[in-house]
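S.K.: Keeping their order, the protein sequence lines are chains A, B, C, D, E, F, G and H.
Here the first sequence stands for residues 1 to 221, numbered as in the UniProt record's numbering.
Here the second sequence stands for residues 1 to 221, numbered as in the UniProt record's numbering.
Here the third sequence stands for residues 1 to 221, numbered as in the UniProt record's numbering.
Here the fourth sequence stands for residues 1 to 221, numbered as in the UniProt record's numbering.
Here the fifth sequence stands for residues 1 to 221, numbered as in the UniProt record's numbering.
Here the sixth sequence stands for residues 1 to 221, numbered as in the UniProt record's numbering.
Here the seventh sequence stands for residues 1 to 221, numbered as in the UniProt record's numbering.
Here the eighth sequence stands for residues 1 to 221, numbered as in the UniProt record's numbering.
None of these hints come from the bench; they were simulated from the model.
Careful: at least some of the hints might be erroneous.
Partner residues aside, some chain F positions facing chain G, computed with beta carbon under 8 Å [claimed, not checked]:
{"hint": "1", "residue": "9"}
{"hint": "2", "residue": "98"}
{"hint": "3", "residue": "100"}
{"hint": "4", "residue": "127"}
{"hint": "5", "residue": "192"}
{"hint": "6", "residue": "195"}
Backbone N, C-alpha and C fix where the C-beta goes; we use that ideal spot for every residue, glycine too.
Each chain, letter by letter, is given below.
Number of protein chains: 8
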Amino acid sequence: MNGSSDLGYARVDLGREARQGLPEIVYGPGKQVTEIAGIVTTLLDGNTGPVLVTRVEPGAAAAVLASVPAGRYEPAARLLVWREAPPAGHTVAVVTAGTADGPVAAEAAAVASALGLRVTVVRDVGVAGLHRVLAVAADLRAAGSVIVIAGMEGALASVVGGLVETPVIAVPTSTGYGAALEGVTALLAMLTSCAAGITVVNIDSGFGAALAAYRLTRRPR
Amino acid sequence: MNGSSDLGYARVDLGREARQGLPEIVYGPGKQVTEIAGIVTTLLDGNTGPVLVTRVEPGAAAAVLASVPAGRYEPAARLLVWREAPPAGHTVAVVTAGTADGPVAAEAAAVASALGLRVTVVRDVGVAGLHRVLAVAADLRAAGSVIVIAGMEGALASVVGGLVETPVIAVPTSTGYGAALEGVTALLAMLTSCAAGITVVNIDSGFGAALAAYRLTRRPR
Amino acid sequence: MNGSSDLGYARVDLGREARQGLPEIVYGPGKQVTEIAGIVTTLLDGNTGPVLVTRVEPGAAAAVLASVPAGRYEPAARLLVWREAPPAGHTVAVVTAGTADGPVAAEAAAVASALGLRVTVVRDVGVAGLHRVLAVAADLRAAGSVIVIAGMEGALASVVGGLVETPVIAVPTSTGYGAALEGVTALLAMLTSCAAGITVVNIDSGFGAALAAYRLTRRPR
Amino acid sequence: MNGSSDLGYARVDLGREARQGLPEIVYGPGKQVTEIAGIVTTLLDGNTGPVLVTRVEPGAAAAVLASVPAGRYEPAARLLVWREAPPAGHTVAVVTAGTADGPVAAEAAAVASALGLRVTVVRDVGVAGLHRVLAVAADLRAAGSVIVIAGMEGALASVVGGLVETPVIAVPTSTGYGAALEGVTALLAMLTSCAAGITVVNIDSGFGAALAAYRLTRRPR
Amino acid sequence: MNGSSDLGYARVDLGREARQGLPEIVYGPGKQVTEIAGIVTTLLDGNTGPVLVTRVEPGAAAAVLASVPAGRYEPAARLLVWREAPPAGHTVAVVTAGTADGPVAAEAAAVASALGLRVTVVRDVGVAGLHRVLAVAADLRAAGSVIVIAGMEGALASVVGGLVETPVIAVPTSTGYGAALEGVTALLAMLTSCAAGITVVNIDSGFGAALAAYRLTRRPR
Amino acid sequence: MNGSSDLGYARVDLGREARQGLPEIVYGPGKQVTEIAGIVTTLLDGNTGPVLVTRVEPGAAAAVLASVPAGRYEPAARLLVWREAPPAGHTVAVVTAGTADGPVAAEAAAVASALGLRVTVVRDVGVAGLHRVLAVAADLRAAGSVIVIAGMEGALASVVGGLVETPVIAVPTSTGYGAALEGVTALLAMLTSCAAGITVVNIDSGFGAALAAYRLTRRPR
Amino acid sequence: MNGSSDLGYARVDLGREARQGLPEIVYGPGKQVTEIAGIVTTLLDGNTGPVLVTRVEPGAAAAVLASVPAGRYEPAARLLVWREAPPAGHTVAVVTAGTADGPVAAEAAAVASALGLRVTVVRDVGVAGLHRVLAVAADLRAAGSVIVIAGMEGALASVVGGLVETPVIAVPTSTGYGAALEGVTALLAMLTSCAAGITVVNIDSGFGAALAAYRLTRRPR
Amino acid sequence: MNGSSDLGYARVDLGREARQGLPEIVYGPGKQVTEIAGIVTTLLDGNTGPVLVTRVEPGAAAAVLASVPAGRYEPAARLLVWREAPPAGHTVAVVTAGTADGPVAAEAAAVASALGLRVTVVRDVGVAGLHRVLAVAADLRAAGSVIVIAGMEGALASVVGGLVETPVIAVPTSTGYGAALEGVTALLAMLTSCAAGITVVNIDSGFGAALAAYRLTRRPR
């Protein structure tokens with residue numbers, strides 16, 4: 001469970017799949033194309049599950065894919081995927097407050113889907129027009145978990161948290177200006193939600209929310 | 001319009017009634033009973049409208065009333081009032097998210113009422129149980145303005161802002177703990193509300209909200 | 001009152017006009033030209049009132065207007081408008097402390113005007129030369145409401161709040177450097193103003209102030 | 001699903017059990033003994049599941065129990081419980097970094113247990129002596145979910161997040177001084193954990209973590 | 001110029017009078033009565049000018065005076081003084097925005113006076129009633145320097161800074177609540193004042209302002 | 001004393017020279033070349049003293065000078081000057097901690113000089129090599145006032161404040177990285193200096209410090 | 001190296017002495033007298049080196065000593081010690097800026113001494129009277145390491161850092177008010193010191209500084 | 001020990017080598033190529049030890065080297081070095097949590113090496129895969145000191161602090177996004193580490209850590 005491979009520029013955790021059911025996921029920013037390609041190759045060789053690289057720009061993605069074929073790039077999510085998992089897990093609903101939250105939702109949905117979760121995306125149901133979220137409440141209740149993505153004041157998390165009984169993972173986004181403080185306001189608001197039992201991940205971390213949803217599918221060993 | 005009376009410990013603004021239709025309102029904390037009594041007497045003598053002192057504890061209130069009779073103390077609002085105005089203005093709805101927001105609501109309601117506004121109080125309709133605020137939506141729409149009082153993540157302001165078309169004055173409260181940051185989170189959230197045209201006053205300032213509602217009743221001169 | 005139209009990239013709130021007397025106003029940043037055009041077309045078709053898009057750069061504005069004619073672009077305000085309302089509301093005075101506050105004032109004035117308010121703009125009356133604001137005090141008192149726009153220490157809001165008795169909507173701006181903290185200082189200062197009953201909106205939100213002024217014109221239903 | 005009972009001082013959400021499988025849980029601070037008793041009685045009458053009041057001091061707890069018998073008080077958790085649920089859910093491991101995190105762990109454990117979860121508590125396994133957490137790693141992996149409670153720098157959450165594959169709910173505590181900033185440092189650290197898929201609740205909120213664990217047991221409807 | 005006396009609990013700077021024309025001034029909090037008495041005695045023996053101890057509570061003050069006679073205590077300023085300087089310097093005007101700023105003004109005035117400055121105090125001329133400060137503008141212009149003391153939004157500093165041409169020393173106070181952030185808002189506002197050339201000292205530091213005024217009287221050597 | 005000229009884009013304060021002995025000084029950023037030229041022309045026509053524009057980039061400076069001749073541009077200070085005052089005031093020493101503080105010092109020196117102060121500049125005497133500032137201590141003591149300019153931890157202000165007895169105006173700069181927080185750390189440090197009577201202006205405000213030094217030369221009227 | 005003893009209320013790390021040459025040091029706050037006594041007994045039994053408990057109030061200290069004799073209490077440091085180490089290490093100089101920093105210095109000195117370091121304490125040499133620190137410079141240079149303890153602006157750390165070449169451990173203290181922000185200003189200032197190679201520990205952590213000095217005495221294994 | 005050379009644009013501290021065993025190290029940003037060359041030449045002439053310039057971009061580095069030959073540029077560290085010291089000091093282990101921390105590690109390693117320390121670099125052993133750091137624990141224990149470099153939540157510092165007994169110098173990095181707050185979160189976390197005796201330097205300051213390690217090699221004089 002504890003193997004690792006030292007590539008010089010990175011020490012790849014090969015035991016994570018054994019420990020946590022999933023190979024290490026690569027964070028793209030700050031890595032060279034050759035480094036990404038090397039890490040991905042190492043992970044593909046040393047594991048059997050899906051291999052993902054997040055936050056990759058289109059040019060770098062093309063270069064990596066040229067070097068390590070059989071993968072796929074999702075531009076909206078800025079995600080590179082190899083050997084994605086077949087759909088097997090529960091359905092996670094990804095809900096956004098506004099259109100500006102779209103890229104974060106795309107990342108959450110793509111990562112969750114690549115890991116084998118079923119994903120439903122519900123866009124632009126901010127609470128200023130409350131009927132929009134009420135209209136989809138049944139869909140949200142039918143999901144095994146809900147990822148709520150909102151910037152500005154992040155109130156959608158509280159409203160959804162009061163409508164469903166399954167796990168709610170709230171993702172604050174940096175949408176907004178001024179007192180939105182680049183997502184800090186939404187983050188604080190979600191952490192102090194009056195809807196009990198909501199959990200929160202880092203600002204703009206669609207990736208983190210997807211992984212939290214993936215953990216819901218794991219059983220103790 | 002610009003008279004003032006220098007009592008040594010205070011320079012009482014006697015022109016405010018002429019300028020703004022309302023005598024200066026006295027902020028109680030940090031003032032001695034004799035100072036409050038002196039200022040109130042000066043205001044009663046130099047003006048004709050209601051005279052108010054906010055945030056007065058019961059003991060001090062009794063002492064002031066003993067010295068300047070014909071006033072009245074509202075303990076829940078910690079407010080001293082003399083010569084309150086007859087009901088003449090529009091109806092302002094004072095809405096709270098939770099029971100802990102009660103004291104701020106009491107101050108808002110008592111000040112607004114003393115200044116001649118009609119007041120309706122709606123308590124404990126936080127968004128975690130959305131049906132509660134939906135159940136009173138018609139009442140809120142029937143008011144000339146709405147004061148929304150909420151702590152924690154302050155989401156009620158956004159929801160009410162989307163339900164009514166009249167002025168919404170949001171009051172963040174210091175209710176909550178940890179990431180609530182003594183009201184700063186609710187303040188920031190209300191300022192970045194996705195419901196357009198909401199305005200905000202200082203944390204726990206039921207007084208400020210009532211005065212903002214009072215300004216709605218004034219006409220240009 | 002609760003209709004919406006799902007365009008895929010946006011869920012347009014068609015009921016807002018019925019609920020709040022005004023179609024949804026579109027926030028431009030982060031939306032493609034085709035998305036803006038689609039939303040505007042949907043709003044024009046599904047409502048009867050003015051349709052506005054805020055914070056649109058000139059190039060995008062021209063492209064949208066080419067696609068959805070009969071609109072108009074105001075460059076200083078970065079605003080797109082279709083079917084603007086005839087002048088019917090009260091007069092709102094838009095007052096700035098300095099020339100750098102100009103763009104925010106332009107947005108406030110243009111949005112308010114497009115929604116049917118009468119607008120008077122008073123520029124550059126910062127409190128370091130107090131006679132400037134005193135010289136226009138009568139004009140401010142003659143308005144039905146006042147939008148005060150100031151950066152740096154935001155003191156103009158307190159001064160105006162003491163001069164007029166009608167509603168004052170303060171807009172902090174990101175004008176200034178260092179301890180101005182990109183508008184946070186002006187925001188905090190306006191929230192703690194010694195002039196009672198002032199309300200505040202988000203930093204640089206001329207839009208929010210105009211909507212708050214618009215709400216002043218609505219009657220309960 | 002949307003019933004509520006207006007007691008004047010509170011609007012009890014009677015529909016929450018139908019909506020979310022659990023009656024509303026009462027937050028004790030700021031409520032009078034008679035108010036708590038009234039709300040509890042209303043909840044016991046209008047629902048069938050467990051009724052809980054959090055953060056109640058011993059004196060108030062005794063007074064409430066005298067008025068509403070058949071309940072139980074857990075002093076370490078400051079929790080009042082009536083009709084607690086039989087053990088039915090998964091096992092949640094509650095892990096703390098230090099002894100000062102004990103009260104938060106007690107609240108998390110007591111609330112989770114009252115809601116029907118099985119609870120294992122592992123105390124004082126901070127990362128400065130890493131062998132302590134490694135010694136209990138198998139126990140943590142055997143749980144259905146893990147609540148990690150830590151103050152100061154909160155590093156235990158990252159370490160546990162890398163050891164188990166099931167859901168991890170991190171609770172920052174206000175343990176520490178100076179740069180610990182009353183829990184804000186642990187909060188920020190947990191939100192930026194290098195261990196993927198960790199979720200976070202508010203500072204010192206053992207209650208919030210227990211409710212998040214409870215949500216893990218709910219199925220879509 | 002560089003002598004010092006090591007009392008064990010303090011290393012008294014005996015050279016400050018030679019270097020800066022003034023003996024070291026003692027900050028009272030955290031020092032025992034015997035320590036204060038010892039330091040004062042050392043300063044009286046080793047220097048010839050005024051000796052001051054700031055922020056001393058009445059009980060401690062009486063005990064120190066019993067031990068080191070010929071001094072004087074000013075309760076409003078919480079100041080102990082021995083050998084105060086004869087009036088010789090320029091006149092400093094100490095101006096406050098509200099009555100709650102009184103204690104800080106008392107400290108500023110008492111320290112300045114003990115150091116030989118002439119002091120005029122002008123109270124309670126906050127900008128919400130602008131005529132009050134305009135009424136005393138001539139007095140302010142007649143002073144050699146002005147100390148402006150204000151909490152909340154601190155706008156008085158900007159207004160005074162625009163009225164006088166002599167040095168303005170602004171003292172933010174912790175007056176206010178919520179967004180006043182215990183004086184930080186006034187501090188930031190004064191630092192970003194639109195009135196050019198205003199200088200600022202620490203929150204609630206009447207002492208610091210008085211010393212800054214004293215420096216104005218020193219000539220280069 | 002209260003004249004102003006409304007140019008549309010600016011309301012020029014023509015009374016400032018009469019009120020404060022100095023025409024309004026123009027802040028360049030955010031103003032067009034034609035606007036700057038218009039304001040400068042108005043100030044030259046309506047006043048008799050020096051006219052300054054701060055923070056002007058070279059290209060804009062050349063364009064303004066082409067339109068309003070007889071002025072001068074100092075590139076290091078980014079300052080435009082017309083009709084500078086003859087040397088008449090006291091000598092102000094401008095002292096910096098490091099070379100990176102140079103541009104702020106250049107602004108302070110150029111503005112002070114243009115207003116008639118005599119200026120001595122002492123560069124790069126940071127406290128990590130204490131002998132450097134000790135070597136110039138006599139020069140600092142010989143000045144009528146000292147402007148101390150430092151970023152990072154700003155300790156030079158405390159050291160200089162203990163060496164001289166004349167007024168010390170501290171300017172925090174945004175020099176440094178990480179915990180320097182773009183000048184906020186130096187600002188806070190200077191405000192809490194253990195050297196009594198130091199005053200502080202805004203981050204990077206060489207202009208503000210020069211104006212504060214200029215105020216030292218004014219006499220009451 | 002990895003033993004631990006589970007007392008129920010604490011999991012005592014018995015391997016720390018083997019791993020780090022020193023038994024676990026107990027943090028007193030939040031622990032009962034019986035818990036402290038139990039942990040101390042376990043540490044005395046399972047290790048051979050010194051056993052320390054920090055931040056213990058006198059009453060609790062006496063009770064613990066009654067239960068676990070042969071220890072000693074240092075009231076100024078609030079420290080309990082058993083089996084202190086004989087003097088063997090290098091000499092650490094503990095330097096303070098002011099008398100209010102005394103308790104932190106006492107803790108640093110007492111802990112260091114109990115661990116076998118030689119300690120020299122130099123008090124009250126703040127930089128406002130620079131000759132005081134210069135007078136002791138030779139003493140500081142003669143020490144093997146220097147702990148610099150200062151509140152307010154913390155400038156002493158930079159000055160000492162420039163005078164000595166051995167390790168400097170800076171401890172910010174919560175001394176000061178207003179902009180001192182309870183030690184955060186000194187902390188930030190020390191982290192951005194212009195004196196290269198200074199290191200910093202948490203606010204008021206005399207304990208942390210002593211342990212850092214102790215680490216200087218350890219050799220690799 | 002106190003010589004300096006005034007180049008106009010800089011006052012070079014020539015005494016630092018005598019005082020601290022090391023010539024002044026030059027901070028590159030904000031300095032012109034000719035200024036850097038001049039300072040370096042002065043340092044090479046007036047001292048005998050290594051001369052370093054940090055944070056130099058490749059183009060500027062080449063220009064400086066063309067002017068002052070016999071130096072060397074390390075691009076990964078952005079460091080210019082002349083006359084580097086022969087290996088003589090203890091071995092410092094430089095450990096990073098992730099690949100994005102590489103540039104800070106490169107600076108720490110290159111500076112330490114140029115000053116004569118022996119350096120071992122251990123990359124990418126973040127705590128999410130704990131076996132990686134455990135696998136190198138013996139290497140870390142074999143070093144004379146450890147520099148731990150980590151962004152995000154910075155937990156690696158606590159883990160390493162518990163594994164080794166020699167000095168630990170923690171460097172927070174700006175790696176991460178959102179709640180990582182550009183390194184502030186890692187900084188705060190390291191300062192509140194539960195591993196006793198860890199010290200911290202400024203965000204991203206590989207330079208500061210190397211200098212702190214260098215101080216470990218100095219003996220008292």
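S.K.: If a hint holds in the structure, say so; if it doesn't, say that too.
M.R.: How the hints compare with the structure:
With its C-beta approaching chain G no nearer than about 37 Å, residue 9 of chain F sits outside the 8 Å limit, and its interface hint is violated. Hint on residue 98 of chain F holds. Least Cβ distance to chain G is approximately 7 Å, under the 8 Å limit. Contact between residue 100 of chain F and chain G, as hinted, is not supported at the beta carbon level, the nearest pair being about 11 Å apart and thus beyond 8 Å. For residue 127 of chain F, the shortest C-beta to C-beta distance to chain G is roughly 5 Å, which falls under 8 Å, so the interface hint holds.
Contact between residue 192 of chain F and chain G, as hinted, is supported at the beta carbon level, the nearest pair being about 4 Å apart and thus within 8 Å. The closest approach between the C-beta of residue 195 of chain F and any C-beta of chain G is roughly 4 Å, which is under the 8 Å cut-off, so the hint is satisfied.
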